[in-house]
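> In case you want the letters, here they are:
2 protein chains.
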Amino acid sequence: MEKPSIPQGTRDFGPAQVARRQYIFNVIRRTFETFGYAPLETPTLENLSVLTGKYGDEGDQLLFKVLNSGNFLVKERRGEITPLVTAEDLDAGHKAVLPKIAEKGLRYDLTVPFARYVAMNRGTLTFPFRRYQMQPVWRADRPQRGRYREFWQCDADVVGTDSLLCEAEIVLMMAQVFNGLGLTDFTIKINHRGVLRNIYQALGGEGNETDLFVAIDKLDKIGRDGVSKELLEKGFSEPTIDTLFELLNVAGSYPEKLSRLLAGFVTAGVEPDGLRPGADSEDESTAFYKGLNELAEVRDILQASGFTQFDRLEFDPTLARGLSYYTGCIFEVKINNVQMGSVSGGGRYDNLTGSFGLPGVSGVGFSFGVDRLYDCLESLDLFTETGETPTRVLLTHFDAASGRAALPLLAELRAAGIPAELYPDASKLQKQFKYADAKGIPLVVILGPEELAAGVAKIKILQTGEERTLPLGEVVGALTV
Amino acid sequence: MEKPSIPQGTRDFGPAQVARRQYIFNVIRRTFETFGYAPLETPTLENLSVLTGKYGDEGDQLLFKVLNSGNFLVKERRGEITPLVTAEDLDAGHKAVLPKIAEKGLRYDLTVPFARYVAMNRGTLTFPFRRYQMQPVWRADRPQRGRYREFWQCDADVVGTDSLLCEAEIVLMMAQVFNGLGLTDFTIKINHRGVLRNIYQALGGEGNETDLFVAIDKLDKIGRDGVSKELLEKGFSEPTIDTLFELLNVAGSYPEKLSRLLAGFVTAGVEPDGLRPGADSEDESTAFYKGLNELAEVRDILQASGFTQFDRLEFDPTLARGLSYYTGCIFEVKINNVQMGSVSGGGRYDNLTGSFGLPGVSGVGFSFGVDRLYDCLESLDLFTETGETPTRVLLTHFDAASGRAALPLLAELRAAGIPAELYPDASKLQKQFKYADAKGIPLVVILGPEELAAGVAKIKILQTGEERTLPLGEVVGALTV
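Protein sequence lines correspond, in order, to chains A and B.
Going by the numbering used here, the first residue of the first sequence is number 6, and it counts up by one from there.
Going by the numbering used here, the first residue of the second sequence is number 6, and it counts up by one from there.
One or more of the hints may lead you astray.
As the list claims (entries may be wrong) - Cut-off 25 Å, straight-line C-alpha distance, at most; resulting in silico cross-link-like pairs (SDA-like, lysine to any residue):
1. A:100 with B:103
2. B:80 with A:89
3. A:433 with A:421
4. A:105 with B:101
5. A:465 with A:389
6. B:436 with B:405
7. A:8 with B:53
Unchecked claim - From the structure, some residues in chain B lie toward chain A, with a derived Cβ separation under 8 Å:
8. 109
9. 166
10. 310
Because the hints were derived from the structure by calculation, they are not lab data.
C-beta atoms are modelled at their ideal positions from N, C-alpha and C, and glycine is treated no differently.
Extracted from the complex, chain A is given alone in its bound form (with noise of 0.2 Å):
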């Protein structure tokens, strides 16, 4: 017989596993609902016509197919046999073969499936829409460390409304988490596309701005030259290159670097997307950046709002964020002490629903990496010691009527919300003993005979080895204590 095993980048996850687990859950889960968002599941199983093509060419060779149940090969209606796959078909490949024999995918990320939820309920949601969902995802990627072909994300997002109240609750959302998790040595990194789009017209680029986006989002990998190598190729001029550069790069805090690329796009004569509120002419002081702007008044929003960690914000003009539906604020959090990618991102969104027949619903979310924030609360040893059971009491017994004088205290412990076990077998005292000891019971009541006769029981906790003898109807008070 073959050893059993599972699929690659999958994983079990025992007791100990899914108590951590479920304590980052609970964290994040908490935090979503104090700021007011609420729980979304959708099906594991979405249909392909939702899933394909929102992903990219990637996205779409690595979304999980499933296989239509039955005969999958052939049609069957009134009792007619039609085949579907015919020999040309394996011929022109499987790209020809898979819509005949797949009309499912497993779930490949949350934000899709929100997108599709909002546009079939739209006649009964209430805008603006606050949702947050935690479920796995499902990628065929190839398995490396820390890198998992089932993994969970996530994610809170909110839809019908472009008010910046929401960027600046995201940042003290993030915030929340990590400092709930321990993780104090964050970073937030935020930027704006529209900081992007002024950055490319400084440089008197107009219109398709992916090619920038795409190499500066390499910078962390490729470092400068590389990025130059690559715009130098696409046409870009070494003066040109060195301008953006010199934008990117702009130092000093959060507003200093506002004030210097404001600077920066006046100088360059990069046109203004509209005018300061209140002002009435257009000059340099009242030239109004959407991109910085927004970026301002997220900042002053965190202010009121009593944020004091402006230390841990980083307004980072290089952050370009791969994907492509972002438009307005992005974010990216990294944890400092721990060598890892980010562990959050989210951005704001202009059209997110349009591809589902509901055009013009803004919006703006993010997402945590659940199976990343477990590695690095696990490298910085910042879990709390987790048993392999629930259990608080092991009751031991020494045989059946032992056993049996037991169970009056048993029930009473459970009653009280102590999470108690009788080991079920009459084994030896020691076997008891080890038992708890490896599933990490602390506590061990000892009913034997003597003690039954005297109406008491033996407390023993395990870590110290202190003992103590108590009359049997004072067990339980002593323990709820």
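Once you have looked at the hints, place chain B on chain A.
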């Protein structure tokens, strides 16, 4: 554009549904943990080699299979591409093609993955091992009312002990969950495969009891006449069938049925499984029928544990359960005041992990069907009112200034753990109230220019219309009481 949809038999769960489902999960989780069961989670994807053949032919058909990723029609090794599926395979049909294009399937139940987990981790687990698992499963069944293709199971199993304490605790856990959910009109039916085997022997049968079990299992659906007809066709004689129904229909309380069946077995000359412990000669009163004896023992343990709901516990010799792997006590629960199949069931098995190379591990387990419990609670109107949001307080505002002035109070409420929102846009007050109403937010705080000038806030309870004006500094205190 096609209107987006979700696959047949799957569901989106909106905020109110998620809250209600979480309520059910929490009652079950608390019960499992109080009894010392520890959480386990297994992957959604399992290898088909693990799943296939475990659920019978019908089960194999109903498994959702996942297409191999990439080009599933060919095998690529060291740059050499070999076709996997040929035109001859197509002619041979889908059963020939399937193993070549799909290696993985979706979890079909929680028992097989549990057995696989125990077998894979035998070296590191501490036995007896108690685990619970609450996860979705998928079956390509024809969807109908109350039957879904994605649905949730909550299982608890203990393996590595044959103590009947575990059987008794299953009854205790079932009762705790149904009482906890307010589904107080339940009946827990209990039987024992040994009793059914003894009944079969009383009819003069030996060897394969399956025909009998399968027929009895249909009693609910096709009645005594239907079962008789089926047994006649299988070669049972009319007098035998009469004896069968005499035994199956023994009347009385749980202990009365036990002693009447014992008398029946002795009369019919059924060979005992041994002697009653302590007895030294074989006569009627010491004849030991394992099934009857274990059922008596389970009842004794319940009594010693202080269990009082014996009117909810019925020994039903006609209970057969479909699954073939049960060997000892079997359980099934119905809610009497709702039209609904069984909402819970389980039993003891002697060799669950045998097919994964780990023979002789006895265990006992049971399962709750969350979707059916949900439907029961809904049709009995037992859910407390749930809003569409966790938000308790909506702060309204009139303009940018009053919106900004509301931020400290908003932060204060959240810091006190009170889910709160500031309406993100300075819309008409009526619109903001309508929003609170539609979402089921109970409290609205009005912070207008007048209130701000006076340093107060007006709090309105939406359901009663009651209003209160409080100094700003006292709002959080008043709401946390």
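> Could you run down the list of hints and mark each one as holding or not?
Each hint tested on the structure:
1. The suggested pairing of residue 100 of chain A with residue 103 of chain B holds, with an alpha-carbon distance near 17 Å, which does not exceed 25 Å.
2. In summary, the hint linking residue 80 of chain B to residue 89 of chain A is supported, as the alpha carbons are separated by about 23 Å, within the 25 Å threshold.
3. For the hint pairing residue 433 of chain A with residue 421 of chain A, the CA-to-CA distance comes to about 28 Å; that exceeds 25 Å, so the pair is violated.
4. For the given pair, residue 105 of chain A sits about 17 Å from residue 101 of chain B by alpha-carbon distance, which is consistent with the 25 Å threshold.
5. In summary, the hint linking residue 465 of chain A to residue 389 of chain A is supported, as the alpha carbons are separated by about 22 Å, within the 25 Å threshold.
6. Our distance criterion of 25 Å between C-alpha atoms is met by residue 436 of chain B and residue 405 of chain B, whose separation comes to about 16 Å.
7. Straight-line distance between C-alpha atoms of residue 8 of chain A and residue 53 of chain B comes to about 13 Å, which keeps the hinted pair within the 25 Å bound.
8. Evaluation of the residue 109 of chain B hint against chain A yields a held restraint, the C-beta minimum of about 5 Å falling below 8 Å.
9. Because the closest C-beta pair between residue 166 of chain B and chain A is about 4 Å apart, less than 8 Å, the hint holds.
10. For residue 310 of chain B, the interface hint holds, the least distance from its beta-carbon to any beta-carbon of chain A being 4 Å, beneath 8 Å.
In terms of the numbered hints stated before, the structure departs from hint 3 and from no other.
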